[in-house]
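**Q** Residues per chain are reported as follows:
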Amino acid sequence: MKMIVAMVRPDKLGDVKQALAEVGAPSLTVTNVSGRGSQPAKKGQWRGEEYVVDLHQKVKIETVVADIPAEDVVDAIAEGAHTGEKGDGKIFVLPVEDAHQVRTGKTGPEAV
Amino acid sequence: MKMIVAMVRPDKLGDVKQALAEVGAPSLTVTNVSGRGSQPAKKGQWRGEEYVVDLHQKVKIETVVADIPAEDVVDAIAEGAHTGEKGDGKIFVLPVEDAHQVRTGKTGPEAV
Amino acid sequence: MKMIVAMVRPDKLGDVKQALAEVGAPSLTVTNVSGRGSQPAKKGQWRGEEYVVDLHQKVKIETVVADIPAEDVVDAIAEGAHTGEKGDGKIFVLPVEDAHQVRTGKTGPEAV
Ligand SMILES: Nc1ncnc2c1ncn2[C@@H]1O[C@H](COP(=O)(O)OP(=O)(O)OP(=O)(O)O)[C@@H](O)[C@H]1O
Ligand SMILES: Nc1ncnc2c1ncn2[C@@H]1O[C@H](COP(=O)(O)OP(=O)(O)OP(=O)(O)O)[C@@H](O)[C@H]1O
Ligand SMILES: Nc1ncnc2c1ncn2[C@@H]1O[C@H](COP(=O)(O)OP(=O)(O)OP(=O)(O)O)[C@@H](O)[C@H]1O
Ligand SMILES: [Mg+2]
Ligand SMILES: [Mg+2]
Ligand SMILES: [Mg+2]
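Chains as they are written, first to last, in the working numbering: chain A, -9 to 102; chain B, -9 to 102; chain C, -9 to 102.
These aren't lab readings, by the way, just hints derived from the structure by calculation. Treat the hints loosely; a few may be bogus.
Note: identical chains are not told apart, hence a pair may lie in one copy or across any two.
Below, computed lysine-lysine pairings styled on DSS-like, alpha-carbon distance capped at 25 Å [said to hold, decoys possible]:
1) K50 with K76
2) K76 with K7
3) K96 with K76
4) K50 with K7
Chain A extracted, bound-state conformation (with noise of 0.2 Å):
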C-alpha cells in the first residue's frame, strides 16, 4: 500500500479529482496549505510598501492506494495538475503499513 500526496494549484483540483476517478482511484482527502518550491520569493508592492509573497495557497490531496500502481495514480494526478508554469506542484510516494475502514472493521489492502 502506498500513500500518494501531491501539492497542486486550488484551481486544478477538479482536474485531480476527476483524473483520480478515471485510473480507478477516487477516495481521498484533501487540505488546504500554503508552500514554496525552489524558486526564489517573489516581490510585490502594496500602499507604496513592497513585500514579499513567499508562501502560495495550494491545496494537499493525499490517497491511498492498495491494488493500483503507485505510478498509475501519479501520472493521473500530474496530468489534471499540469499547466506548464512554475508552481504546478509535487507528488510524493510514502509507504503505508496497514489500512482499517472504521465502518466495516475490515484491514489491509481491502480497507483502501
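Use these hints to put chains B and C with the ligands onto chain A, whose structure you have.
**A** The following block gives chains B and C with the ligands in isolation, referenced to the frame of chain A:
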C-alpha cells in the same frame, strides 16, 4: 515508530481523543480536511438547482507512537469513530524513522 | 528521500523557514493544525465557567529532501523552533519512495 493517520467524522473527535488517552497515546495533531471515500458523489438540490456533494468535512488525526503497538492505537481510534454508517472513516499506519522533541533535544522513541 | 514533518509554534514559522533556507532546504508545505503533546489539558476560566484547553494552535511544516541529510533538516527546524518552554513541538522523519515534479515530469531525487 509509527504514524497513525485517521480521517474521521468531525463530531467524533472528542470520542477519539478520549479513546487515545485511555490507550496511553494522548499526543496528537488535528487538521480540518475534506474528502471522499469509495461511494459515488451525492446529489442534492439548492434553490431548485441540482448540485453534487462530493467532498465531506472530516478531521485528520495524526498520532506518532513508539512504545504502544500501532494496532492498539488503530483499535482505539476505530472504537471512538464508529457509528456504523457510511463515511465513518479510514485509518492508515505509516513507518516513522526518527523523532525529535524540540524543547529537550531528545531523539528516537524517547522523543515521541 | 525523506519527508520531515514538524509541528511547531505558529510564531516560529518565520525562524524555521529561514533556518531551512540556510541549510539548503527552502521548499516546504505549511498547514494550520492544532494538537497536544504529553502534558495534561490546561484549565482556564471564561465568564465564570471553567473550561479545558486541550488543543493548541500549531503549524505543521512538511519538507521533502533528497540530497541533504534528514538530520541536518531536523536540526535546522529544531533551532528555528526552540524557545525552551513546553509546547515547542515535535519533528518526525518518514521515508519517501518517489517524487515527481509536475511542471517538468522529472522523477526521483531530481524532482524534490
Ligand atoms: N521539497 C518539497 N517539500 C515539501 N513540499 C514541497 C516541496 N517542493 C514543493 N512543495 C510543495 O509544492 C508546492 C508547489 O511547488 P512548485 O511546483 O513551485 O515546486 P518547484 O520545485 O518550485 O517547481 P517549479 O519550478 O515548477 O515551480 C509548493 O508550494 C509546496 O507546497
Ligand atoms: N483511500 C483513501 N485515501 C485517502 N483518504 C481516504 C481514502 N479512503 C477514505 N479516505 C478519507 O476518509 C474519509 C472517510 O472515508 P469513508 O469512511 O467514506 O470511506 P469508504 O471506503 O467510502 O467507507 P464507507 O463505505 O464506510 O463510507 C474520506 O472523506 C477521505 O477523507
Ligand atoms: N506523538 C505525537 N504525535 C502527533 N503529534 C504530536 C505528537 N507529539 C506532539 N505532537 C504535536 O506537536 C505539538 C507540540 O507538542 P509538544 O511540544 O507540546 O510536545 P511534548 O511532548 O508535550 O513536549 P513539551 O514537554 O516540550 O511540551 C502538539 O500540539 C501536537 O500537534
Ligand atoms: Mg516553484
Ligand atoms: Mg464512504
Ligand atoms: Mg507539550
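**Q** Please go over all the hints and tell whether each is borne out by the structure.
**A** Going through the hints against the structure:
| no. | hint | verdict |
| --- | --- | --- |
| 1 | K50 with K76 | both (17 Å within a copy, 24 Å between copies) |
| 2 | K76 with K7 | both (21 Å within a copy, 20 Å between copies) |
| 3 | K96 with K76 | between (42 Å within a copy, 13 Å between copies) |
| 4 | K50 with K7 | both (12 Å within a copy, 19 Å between copies) |
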